[in-house]
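Number of protein chains: 2
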Amino acid sequence: MKVKDIGEFALIERIAQIVEHADERVILTIGDDTAVVKPTKLDYTLLTTDLLVEDVHFVLRTISPWRLGYKSIAVNLSDVAAMGGFPDYAVISLAMSPETDISTIEDLYRGMAEVARKYDLRIVGGDVTKSDKMIINVAIVGEVEEENLRRRSDAQVEDVIMVTGEIGASASGLRIILNPKLKTRVKEASKLEKAHFLPEPRIREARILAKLGINAMEDISDGLASEIRHICEASMVGARINLSKIPIAKGVEKVAELAGERAIDIALSGGEDYELVFTAPKELQAEIEKAFADIGEKVTAIGEILDESQGITAVDWFGNVKPLKISGYTHF
Amino acid sequence: MKVKDIGEFALIERIAQIVEHADERVILTIGDDTAVVKPTKLDYTLLTTDLLVEDVHFVLRTISPWRLGYKSIAVNLSDVAAMGGFPDYAVISLAMSPETDISTIEDLYRGMAEVARKYDLRIVGGDVTKSDKMIINVAIVGEVEEENLRRRSDAQVEDVIMVTGEIGASASGLRIILNPKLKTRVKEASKLEKAHFLPEPRIREARILAKLGINAMEDISDGLASEIRHICEASMVGARINLSKIPIAKGVEKVAELAGERAIDIALSGGEDYELVFTAPKELQAEIEKAFADIGEKVTAIGEILDESQGITAVDWFGNVKPLKISGYTHF
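These protein sequence lines are chains A and B, in that order. The opening position of the first sequence corresponds to residue 2 in this note's numbering, with each subsequent residue numbered one higher. The opening position of the second sequence corresponds to residue 2 in this note's numbering, with each subsequent residue numbered one higher.
Pulled out of the complex, with its shape left as it was, chain A reads as follows (with noise of 0.2 angstroms):
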């Protein structure tokens, strides 16, 4: 069956009974002119919006409904993890062909209303379209302390840089989704290709760390080198990092050897990790590694943070000192 077959409100009805989440903070949900949810109770809202198009972000051949949906939930809620808060409400527009199976679109929101639950999120609203080509648009509502918002512009001279987890498994993933004869010769492939397609969001991570005092904050969705460069232009303040410290996933190096790639550009500029990277005060190192270990999660230190005079620069395994390389995706 497809969504022309059942028209706009019957389809906006299979999805409001995909995503429902009652709850005492949703006054009215799907089915109004607009959602209507109790106030965010922090000193501070967090608003975030995304756009996903069919075959520029996504291509609906290589990723099954579901997790494209979970996906595109994820993403916004590591932009609210990166600022130290959590999220409350999201509303989703959507807009496909009218020769869509209502399966792909349950499946679709299934995927979305999964992550959502595990999040505390509750998908409120939205809109449904016609459109050629698949698009996804998610806005998130969010919030946070003021003591634990974490601005990109935070970052002191002689913080620490650190990033959280492991980092290159998503762009290794995709390069075996996208090439899948990779697929039987990296014992890892379907933990990275899971990287790629189902990123978890560092909410509770950045929840700690934002509580432990930490400085700027970021999450990894451009690429390392790109995000390190976001918060030294916004902190101005510059940035040496050791490429021999860099936590790379495993298998990665298997992926960049039969792609005729280096990991380490993989790992910097491979974009959407969903890690977090940050800088910190020297003397919270020790305390923050602790805290991870507590959690079983990995914390790795990747350098430092300098005087805007003295640039971004990598080290790499002979000492060599060299501007940091940056191409992190950029959309034009």
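Where hints are given, some of them may not hold.
No copy is singled out in the list; a pair is fine if it fits within one copy or between any two copies.
DSS-like, lysine-lysine: derived pairs with alpha carbons at most 30 angstroms apart [stated by the list, open to error]: (1) K212 / K42; (2) K326 / K5; (3) K3 / K326; (4) K182 / K212; (5) K255 / K184; (6) K255 / K326; (7) K134 / K39; (8) K134 / K3; (9) K119 / K42; (10) K42 / K283; (11) K192 / K39; (12) K134 / K5; (13) K184 / K134; (14) K39 / K299; (15) K323 / K283; (16) K39 / K119; (17) K39 / K212; (18) K119 / K299; (19) K184 / K326.
Hints in this document: simulated from the structure, not taken from any laboratory.
Assemble chain B onto chain A, guided by the hints.
The following block gives chain B in isolation, referenced to the frame of chain A:
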């Protein structure tokens, strides 16, 4: 100069300058992972999102970028008005071809900034990306007091049904835009076109109505008949509309004649009027009319709410009662 010549970050910089709105409620605007704002203050937060796709919702050949920007925000503000509330914040997603002229994008955001300033809306963040067709998603956060919230489901049997302003102008304007030969033959052509391109959200009028104690309210986006059905279905009531009472805008009759249609059909199902249709206890009617006379705006009683068993009917000019023909816009 084209978008691809300046790239994503320079484009965002230009947009930020256009929509900038210094305000004590805005803590962090465009440039970090999310926007950071002060929470809404009233009982309830309103959330709405709307996706507009080139060649589905607009044709760039027939609408200037400035007007497109203005309208894309205005129609969302109309949804906030229909709840009895007022707007606070917006985040905007835009996808465009890298070949788009920068001036097109700047004009689009200038139109958005104009309507935002007019209705005290702060544009605080967004997303830009590429696609073949232009895509605009507007997500708005508003607020309302519990006692002023107006649901579509609150119509009561014996309520009077009223509409603000005049109906059919926007749909008639669209007919002129799509068939410019009509232009010279309709005296009110430019006024009708303006109604289509630059709708004004009835925020002030909706606030007055909510405070006066009306029951259900909707803005007219899909078409008057369709909105009345929405109210009736949500409220589980019937309705009878007097077709002769519907305040049809000047010029609609002439456009209908030239286009081989009936003016009443354009008024009932043309849509995009962005006037308010609402129901109120009969004893409020005189007070509502006085309040609107005081501000120099039009309001008209067009029918009444009946028991659900009576269905939704229309009384024609000869006193005949027939089912109301409902053919509002549906997307599939």
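Checked hints:
no. : hint        : verdict
1   : K212 / K42  : both (18 angstroms within a copy, 26 angstroms between copies)
2   : K326 / K5   : between (49 angstroms within a copy, 22 angstroms between copies)
3   : K3 / K326   : between (48 angstroms within a copy, 26 angstroms between copies)
4   : K182 / K212 : neither (45 angstroms within a copy, 66 angstroms between copies)
5   : K255 / K184 : within (11 angstroms within a copy, 67 angstroms between copies)
6   : K255 / K326 : within (22 angstroms within a copy, 66 angstroms between copies)
7   : K134 / K39  : neither (34 angstroms within a copy, 36 angstroms between copies)
8   : K134 / K3   : both (15 angstroms within a copy, 24 angstroms between copies)
9   : K119 / K42  : both (21 angstroms within a copy, 28 angstroms between copies)
10  : K42 / K283  : neither (33 angstroms within a copy, 39 angstroms between copies)
11  : K192 / K39  : neither (39 angstroms within a copy, 40 angstroms between copies)
12  : K134 / K5   : both (15 angstroms within a copy, 22 angstroms between copies)
13  : K184 / K134 : within (29 angstroms within a copy, 34 angstroms between copies)
14  : K39 / K299  : neither (36 angstroms within a copy, 34 angstroms between copies)
15  : K323 / K283 : within (23 angstroms within a copy, 78 angstroms between copies)
16  : K39 / K119  : both (20 angstroms within a copy, 26 angstroms between copies)
17  : K39 / K212  : both (25 angstroms within a copy, 21 angstroms between copies)
18  : K119 / K299 : within (21 angstroms within a copy, 50 angstroms between copies)
19  : K184 / K326 : within (29 angstroms within a copy, 58 angstroms between copies)
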